[in-house]
Structures are given as structure tokens and as C-alpha cells.
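Trainee: Protein chains in written order, with the numbering used here: chain A, 3 to 313; chain B, 5 to 576; chain C, 15 to 207.
Treat the hints as calculated values from the structure; they're not laboratory data.
Here the structure is a predicted model, which is why all the values come from computation and not from measurement.
Misleading hints may appear alongside valid ones.
Taking lysine-lysine pairs in the PhoX-like style, the calculated list, with each CA pair at most 25 Å apart, reads [claimed, not checked]: (1) C:Lys204 with B:Lys425; (2) B:Lys17 with C:Lys198; (3) B:Lys431 with B:Lys445.
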Amino acid sequence: MNNRFVINYTPGPTFLHQLSGFTKVFLFIVVTVAIIATYDVRILWPLCIISIAEIVSMKPNWKPIIFMFLFTFFTVTIIGNIMLFVVSPDAGLNNVGTETILWTSASGRFYISKEWLWYIYVVWVKRTASFASVMAFALMTTPSEFASGLNKCGLPYKVCTIISLAYRTIPDIANDFVDIRNSMMMRGVELGKKAPLGKRLKNHVTLLVPLIMSSFGKVGNIANAMDLRGYGKNKKRTWYAEHEPTKYDRIVRGITIALGIATIVYILWARIIDPWPAKIWAPFVDKSAIQQISLEESFFLFRWLKGLFNK
Amino acid sequence: MEPIISFKNFGFKYKTQSSPTLFDINLDIYPGQKVLILGASGSGKSTLCNCINGLIPFSFEGEITGSLTVAGKETKKSSIFELSKDVGTVLQDSDAQFVGLSVGEDIAFAMENICMPRSEMAPLVMKNASLVGMQDFIDHVPFELSGGQKQKVAIAGVFANDVRVLIFDEPLAALDPQMGMTAVSLIDDLAKDDERTILIIEHRLEDVLYRPVDRIILMGGGRIVADMTPDDLLKSTLLKEHGIREPLYITAMKYAGCSLEGNRNLCSLEDLEFSPENENKLKTFFTSDYKPLPENQNEPIIEFDHVSFSYDGKQKVLSDIDFTIRKGERIAIIGKNGAGKSTAAKLLCGLIRPSEGEIRLGGKDIHPLTVKEIGERVSYVMQNPNQMLVKDIIKDEVGLALQIRGRSAEEIKNTTEKVLKACNLFKMRNWPVDAISYGQKKRVTVASMMALEPEILVLDEPTAGQDFRSYTDIMNFVNALNQEYGITILFITHDMHLAIENTERAIVFADGQLIAADRVCSVLANEQVIARASLKQTSLYRLALKLQLDPESTIERFISYEAELKGGEIDE
Amino acid sequence: MAEKSLGQKLLGTWNTKTIVAVAIGAALFGVLMVYGGVPVTTNTNLTTAMIIPVVVGAFFGPLPALVAAGVGNVIADLIGGWGMWFDWSIGNGIAAFFVGLLPVYGAYVTEGVFNWKHAIIYALCVIVGNGLAFGVVTPIFTTLFYGGDLNVTFIQAIAGSLSNIAVELIVGIPLMFILAARSKSRTNLKEEE
Numbered sequence: 003m004n005n006r007f008v009i010n011y012t013p014g015p016t017f018l019h020q021l022s023g024f025t026k027v028f029l030f031i032v033v034t035v036a037i038i039a040t041y042d043v044r045i046l047w048p049l050c051i052i053s054i055a056e057i058v059s060m061k062p063n064w065k066p067i068i069f070m071f072l073f074t075f076f077t078v079t080i081i082g083n084i085m086l087f088v089v090s091p092d093a094g095l096n097n098v099g100t101e102t103i104l105w106t107s108a109s110g111r112f113y114i115s116k117e118w119l120w121y122i123y124v125v126w127v128k129r130t131a132s133f134a135s136v137m138a139f140a141l142m143t144t145p146s147e148f149a150s151g152l153n154k155c156g157l158p159y160k161v162c163t164i165i166s167l168a169y170r171t172i173p174d175i176a177n178d179f180v181d182i183r184n185s186m187m188m189r190g191v192e193l194g195k196k197a198p199l200g201k202r203l204k205n206h207v208t209l210l211v212p213l214i215m216s217s218f219g220k221v222g223n224i225a226n227a228m229d230l231r232g233y234g235k236n237k238k239r240t241w242y243a244e245h246e247p248t249k250y251d252r253i254v255r256g257i258t259i260a261l262g263i264a265t266i267v268y269i270l271w272a273r274i275i276d277p278w279p280a281k282i283w284a285p286f287v288d289k290s291a292i293q294q295i296s297l298e299e300s301f302f303l304f305r306w307l308k309g310l311f312n313k
Numbered sequence: 005m006e007p008i009i010s011f012k013n014f015g016f017k018y019k020t021q022s023s024p025t026l027f028d029i030n031l032d033i034y035p036g037q038k039v040l041i042l043g044a045s046g047s048g049k050s051t052l053c054n055c056i057n058g059l060i061p062f063s064f065e066g067e068i069t070g071s072l073t074v075a076g077k078e079t080k081k082s083s084i085f086e087l088s089k090d091v092g093t094v095l096q097d098s099d100a101q102f103v104g105l106s107v108g109e110d111i112a113f114a115m116e117n118i119c120m121p122r123s124e125m126a127p128l129v130m131k132n133a134s135l136v137g138m139q140d141f142i143d144h145v146p147f148e149l150s151g152g153q154k155q156k157v158a159i160a161g162v163f164a165n166d167v168r169v170l171i172f173d174e175p176l177a178a179l180d181p182q183m184g185m186t187a188v189s190l191i192d193d194l195a196k197d198d199e200r201t202i203l204i205i206e207h208r209l210e211d212v213l214y215r216p217v218d219r220i221i222l223m224g225g226g227r228i229v230a231d232m233t234p235d236d237l238l239k240s241t242l243l244k245e246h247g248i249r250e251p252l253y254i255t256a257m258k259y260a261g262c263s264l265e266g267n268r269n270l271c272s273l274e275d276l277e278f279s280p281e282n283e284n285k286l287k288t289f290f291t292s293d294y295k296p297l298p299e300n301q302n303e304p305i306i307e308f309d310h311v312s313f314s315y316d317g318k319q320k321v322l323s324d325i326d327f328t329i330r331k332g333e334r335i336a337i338i339g340k341n342g343a344g345k346s347t348a349a350k351l352l353c354g355l356i357r358p359s360e361g362e363i364r365l366g367g368k369d370i371h372p373l374t375v376k377e378i379g380e381r382v383s384y385v386m387q388n389p390n391q392m393l394v395k396d397i398i399k400d401e402v403g404l405a406l407q408i409r410g411r412s413a414e415e416i417k418n419t420t421e422k423v424l425k426a427c428n429l430f431k432m433r434n435w436p437v438d439a440i441s442y443g444q445k446k447r448v449t450v451a452s453m454m455a456l457e458p459e460i461l462v463l464d465e466p467t468a469g470q471d472f473r474s475y476t477d478i479m480n481f482v483n484a485l486n487q488e489y490g491i492t493i494l495f496i497t498h499d500m501h502l503a504i505e506n507t508e509r510a511i512v513f514a515d516g517q518l519i520a521a522d523r524v525c526s527v528l529a530n531e532q533v534i535a536r537a538s539l540k541q542t543s544l545y546r547l548a549l550k551l552q553l554d555p556e557s558t559i560e561r562f563i564s565y566e567a568e569l570k571g572g573e574i575d576e
Numbered sequence: 015m016a017e018k019s020l021g022q023k024l025l026g027t028w029n030t031k032t033i034v035a036v037a038i039g040a041a042l043f044g045v046l047m048v049y050g051g052v053p054v055t056t057n058t059n060l061t062t063a064m065i066i067p068v069v070v071g072a073f074f075g076p077l078p079a080l081v082a083a084g085v086g087n088v089i090a091d092l093i094g095g096w097g098m099w100f101d102w103s104i105g106n107g108i109a110a111f112f113v114g115l116l117p118v119y120g121a122y123v124t125e126g127v128f129n130w131k132h133a134i135i136y137a138l139c140v141i142v143g144n145g146l147a148f149g150v151v152t153p154i155f156t157t158l159f160y161g162g163d164l165n166v167t168f169i170q171a172i173a174g175s176l177s178n179i180a181v182e183l184i185v186g187i188p189l190m191f192i193l194a195a196r197s198k199s200r201t202n203l204k205e206e207e
């Protein structure tokens, strides 16, 4: 199998690997919600560091992880920020609430503010934390633990079986795909850059038809094999992959619950009890100076529509 | 004793079909019996077993007439879940039924579905795994297992319930010869339990008879044609009439003019006691002079010149492969999965390039050629025709390669018609590809390759999943292409019958090395090669040993006699 | 066969076969997302993965298409290792629901029914579905979840939906015609001379 894949089909030896599926999924969900719900680097940095520490503790093969980190960094961060510079130099004002201009282009069309830099810094931390938590989860969880853990979290077991069955068939389908592509290349179907784009796309039909027909052709056999072993008979099912919680599972679950409560408390405090008027907290901004920016002013489509309307 | 399975005037018609698939089935199977249900494709044997395990009518809708009771339950009124408590089914496709992501999980699948707590599940999984000898593989993922191991897991997986009936649907279909033998022995061990009833559904009679069975039920046209002991069946003419291949040693006895009566234990070559008259006849036949097989003296068409290959530059998948194939030869490429035979085929097709050495086609290095250019000279036909078929109409499929190459409509039409005629598909040219049988689809894929007028045809497991009739059809067709157009044919195969009957030479791979490139009779008589390549001794070899004859010349005599017979047919 | 109600057509029938088919659809989605790129320029690929919800929709209806795309996307994110971006997964799921509406407007591809009228409705669904999913839903979630700038996200989403629309129309329509032709019931086959 391609070494770009980070998924493990067999559990690894380290402490985190040995936790039960539910513990892993629960931890992942809480961390993800915490990352999504906060724009505060004082919270995001610890979450990011915890996730990176998790990755380090599993002693992974670093090569693909670093490659993917750089790839994501390049596509999401660099390209995204160049676009941001062009279309939204006011992103700092919109999100942080003030504007301290540091540099302006000769035409005055482009500028960089202190808040704009702070904004891209916060978003970068948020994205990195998110990337690291997904990577940590992918490294520690086998597909079966993923499925059984989600079921324990309340997702219907039929959806969970879809996940584990999909993982089960991916390597086979990937092999079929490569075989079919080879066979089509030998028959002379141009899939590479030699053919013009429209034709190249159409040529992919000749690749997809046999792939789809042969892959979905397996459905009957697999479904029969499952029916014959009583699948779908009961409203619930148990999972071989979900082992009984150990002492460590209880500890990690306890920490996860504490983290969840802390997140809720933070949100209550930062949004309701003592609300910060801007979306993003910044250490150099005075609370009283923050301006509220409406969506019509910040989103170019609305600005443009409004302009049309006023005419 | 009460029968455990009892059919009374039973019939079944699929909802999607206009006429019934099973008629007038009256059959009683008693606890502890080991029964072989024999029949060609379309004889109704799989339908029969699906009635027993409840897939009919649960998964396949249709009309049931008469009555069928399994363990005292009328199946019409029962459910697939109820029946699964008594009947365990091991399906033909051991890969499809492996739904778990590890051995342990797959064995546990049925237990999970009845909500067994994990604390009870774990020891039971271990117990069932050791029943089939898979206890050391409990954490292995399906992608690391061979077909035979997956099948063992499938067997362990049906023991979650204390099943009394075990059904094996074509257990040998996906296995290489040695794994097939192991499977037959394992099934025999399971049959030792007096309470357990075993049904084997197969058309490979000789392979199943590697271990004894109590009864054979022969199916044909949706009816039970015969219900007798293996010996009686072998003596009858029913096998030939119903498209079942008889064991090779029986064919050899017939060639030698032996009477099948008067030999004890006819169904097992090891225990077979020939009558003195037959023994003499056999010895005379195999020691008589024969026309030596002709040797191909044409110019070389494929040359592997000390070829090595590695994916990562470290570990060699193939090392120092050196062989020559001459124009018009028919070659069997043999070896177990992972031995390197498919890597060699990929090298020949230019999909991967050698790390060392050179591959020559017609004397010229293929290195500068693109995959597409090589594809016009070497055609590769995949094992599963469904992975190749693109168009909806047969003639469009055959013309596809020409259409891609931008040939004129006129040329496409002419070449397609020529190929369709050569492949005996002309009358069906306007049929949809999904309306024809698996064997016919295979023929369409070969035809679609022939449109480019290749010099070499590589067929990957051309006979997999097909019964004897369809096998014979395809082989006759491929042999005709070889004789009439001089196309060189390479078969990648496990099937020793195919090698004996349809090829001149065999190239054998084991562990990334070429261990033999020799005449088929010499390869099959070489014990070391057979063992290293996971092949099975053919019964001809064992017959030769039993008669204290030289195996190589015995096999050669047999092949030569068959060639004469075939030549005779053509002359007539 | 009895005519199904609209609700049934939208939800699909969730028996074991559907579950397996959706799983295979998700696996195909994942595989095509990782391998099935059509190179446009050196660094850009059009992915053919978005064809899979169309097929699952044609075979089983829009909700199975949604689940196949959603699960497939999560899996592709995990095996591809580029991080899990829920904003895009949700968008893909919504788009999948729209492109998978085929049986709802009478395009029963499994029974061989797909004509130009269906192709036009399909094209409209593709455009509306992608427009809604990537023009509205994904930008909202990107801003909400990751604090992405609405302007940038909107432009990226438009680019993404244009490439999806291109693949779903240029590859999808011929594919539906072939799949329908291959699924047509075959009666009265006669040998011709």
C-alpha cells in the first residue's frame, strides 16, 4: 500500500494506541469542538501542543506527516493568505475590531495592519491545532475502533458499519483501480496530459465504468455474507474491537470530561458573562476601542449587491 | 433417524425469471452425512443451497412450491436469522465474506450481531480460531492473508452458533492447488464430528474426492439427476452428460482401454485396487511407443535477458529472470500468489520497467516503447472480465481500441467484423454485454484485444470461476487463435489441467525467481519444482508411481495421446 | 413494482445491500479522491470522486448518496492525511444529495431509464446543488469553524464548485447514459447473420 496513507489497520504498541475506541473518539470529538469553538490563542495553543505531544508519544513515521503538514501549510496558509492580502486587507478590522496600519501600497489599494497579521496568526494556530488533532486521531485509531467508538457515542450502528466496511474495501478497490487504469492505458486510452482536457475527462468515463460496475458488483455477495451471520437482526450490537475500559481509559475519559467542561465554561465566560466585543481576542487591543463591523460591509458580494441596489 | 434436511416436492422460481430454477426436488439428508452436490453452472446447485440457508427467500425473492424442512423447521415460515442458528454457510468468494478488519473481528461478526458481551466473545473467538488453525493470526488484517487463510476464517466465523449443518459453496473456486488440498482436508476433519452434516457444492470432482464423501447428488437442469456413491457415479456415463470433468486417472484408464468395473475403491487413487487385467493394460499403454511432441523451432518473440525488478531499489521482487519464448508457443506461467508471475507480466506489458537486464520483443528492446505502443503487440486479458468491459454493446466494445486510436469508421467496421467472426461472436454482435454469461464476457474481452491484431496474448487465470463446459469452450477458442493466426499465448494459471492439455511449456516462478522453464511433462514430474511452486501432483503423476512407471514419460505419453485424439477429431 | 412515495425515494431503503453499497461508494470516493485526479496543470487536479455520489444516487437515492459522500470525504481526509475539514465534508454531503436526486425525478438508471430530459434536470441539480453547497453552506461553516475570511473562502468555494460542476457534467452525463444502457432489461435477443 502507498506509504502516503497514515491509517493503521492494526493497533500500535504505545499508551495511546492501547486505549479503547470510545476513549479515542470521545477525546477527538471534545478536542475538535474546543478548537472549532474558540478563537483565543490562549486556548488554542495548549490544544495544539497536546495534539502534537500525542503524535510524538506514538513514535510515528515522521516523513509522511511532515510532508502532509508542509503540503497543507502551502495550500491553505500561503495561498490562502496571498488571496486574503488581495481581497480582504480589512480582515484584521473585521475580526479583531481595530486597525493599526503598518504599511500601505503606493496606490493605497493594499495595506497591512497589525490586526491583519494577528488575524492570520490566530487562524494559522487554529488550523494547525485542527490538523494536529486529526493526525493524532488518525495515528492512534484503527478503523474498527473508529466505528465502534462512534457507535458508543450514539451514532447508529448501521452508519458505523458503513465506515468500517468502507475501510475494509479501500485497499481492494485501490488495487482494482490501478489494474483497470493499467489495462485501459494498454488499450490506448489517454489519461495523462497528452490529450486535451475535455477529452481527458471524457476518457475517464472508460476508466470509471468498469470500476463502478465491478465494485458495485460485489455488493450482493458481501450483503449475503452479512445477512447469513445475522447482521441487522437486533437494534444494537456489540463490538469485538471495543475492549473493556482499563484504568488508563478511565483516566483519559476523566481528563476529556474536564476538558469539555473547561471549554463550556470558557465559552460561557468569553461570550456571555464577560463578552469580548470582537470575534478574536488580541493582547494589544483595548476593549473599548473595538468597532462592530457588519456583514454587509465585510463581504464583497454583499457590498457589490448593495452598490447595485443603490444605483 | 430423522433427516436434518428434507425436501418434499420442492420447487423454486426466481422473481426475475420466467421459468423455475428447481423442480421436483425430493431429498433427505441425515445428520452426520458428508454430501457432495455436484453440477455444472446453471444446474441449480447453488440455488439448492441458498434454499437451505435461508438466502432464499430472504435475499432472493421468488416462488416456493412444496416443502423444505431444516432441523425440523419449515424454511418458508422461518427466517434467515433463525436458520443461521443451525446452518452455517461458507460462501464461494472468501474475500467478499471477510467483512471484519482483522481475523478476530471477522470471526466475531456473528457474535457481535447477537449482542454477545465482549468478555464472552474474546475466548470464543480464540476457540473457534484454533478449530481451523488460525489462532496465531488473530490480529492479522485481511490484506495479509492468502485465499486459503481467508476461507479458514470464514469457516471459524460460522461457528458462533453451534451449527449442525455446514454448507460450502464452491470452496475450491478461489484457491491455488495446494490450498485446495488443505481446504478439502480441513472440511474432512470437520466432518469427523458425527453430529455435523456437511454439504459441499462443487463441480471440481477430482479435487473434492481427495478425501472421501458419503454421497454425491448430481444436479442438472434444476433437477436431481443422480444420488449415488462416488464409485457408482464414476462408473456411469452421467459425468460426461452433465458437463463434469472426470478425474484424470479415470481418463487415463479409459485411454488404456480398461473396464471401470471390477476395480475396488475407484474414487480414491491411493486406495484403488486395479484388477490384474487393468494393471497390465495400463502398463502396456504407458510404455508403448508414442509420437514425441513436436518442438517449436520458430524465432524468439519474447526474451527476458537477466531481468531484475524492485519497487524501492532495495528488495528485489524478481531477480535475474532469463527465458525465451518462441513465436506461436503456448506457455503456462505458474507460481503461487506473490511469486512474481504477475510482476513478470507487468514488465512484459511495459507497465513497470526492469531495474536490471533487458526485455526484447521480436528481437528489439522494449525500453523506448510506450505502454500504448507495447499494447498494440502484447494484449493482456484480465482475470475478471467485468473489470474490462466499458461499452454496452458487444461490437462497440470490440471496436473500442480502434476507436480510441482514431481509425476510420470503415476500418473499425471491417476489423471488428473480422474479429467477431474469428471469435464466434458475430451473431451476437448487437447484444448488450451484460446479457451474456461470464464465459462469453471473457470471450468478448479477448475479442476486444484481438482487434489490435496483437502478436502475443496474455491471459490471466482464463478459467477461474468457470465450469468444465465453459472452460472447454474458451480453450478451444484460444487454441484456434493460436493455430490459425500463429498468436503466441501466455496463460497465467494455477490450473494444472489447463497446463497439461493446452500448453507446450511451463515457466515456473517461486519467491521472485525462475525455478523452471521446461516442457510441461518435465515440470509436472519434477517433485522439487512442484513443492516450491505450491502446485499439486496431478493424479497422472501419482498413477505413474503406483504403477512403478517413470512419471515424465507417463505424462508425455498421455499428452501425446490426447494430441493425437484431437488431431483425429480435426481430420474427421 | 409498487411506486415508491417521495419520502421513500428521498430516504432510500436501508437494508444490508444498501449499507454495503454505500460503504463501497464511500470507499470509491476515498480512492478516487486520493488517486483519481485528472491533471489540469502541474499542481491542480480535477477529482473524479464527485462522480460517485451521482452513481450511488442513481442506484439508491439521494440520502445514500449524501452518506456515501460524507463518509467517503471523512475517510479520504484521514487516509490522504491533509487534515479533516468539516466545512468541506458538509458541503460535499449537501452537493451529493442534490446530484443524487436522480430517482426522484424519474431517472431510474438501474432500470435503464435515462434520457436527455433527465440529463437536463440532472444538469440543473448539479448546478443548484453545487452552488448551494459551496456558494453558501461551505463558506458559512468555514467562517464559523475555522475563522476563515468570508471573501477568500467564497472565492475558493466558487473555484471548487466550478471544477465539480465540470466533472459532474462532462464525465457524469455520458457515464449515466452508459450505465443506463448497460442496465436495460434484455428480452428478445436474437442471433443475427
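Trainee: Against this structure, judge whether each hint is valid.
Mentor: Each hint, compared with the structure:
1. C:Lys204 with B:Lys425: 17 Å, holds
2. B:Lys17 with C:Lys198: Given pair B:Lys17, C:Lys198 holds - Cα atoms ~22 Å apart, limit 25 Å.
3. B:Lys431 with B:Lys445: 14 Å, holds
Checked against the numbered hints listed earlier, the structure breaks none of them; every hint is satisfied.
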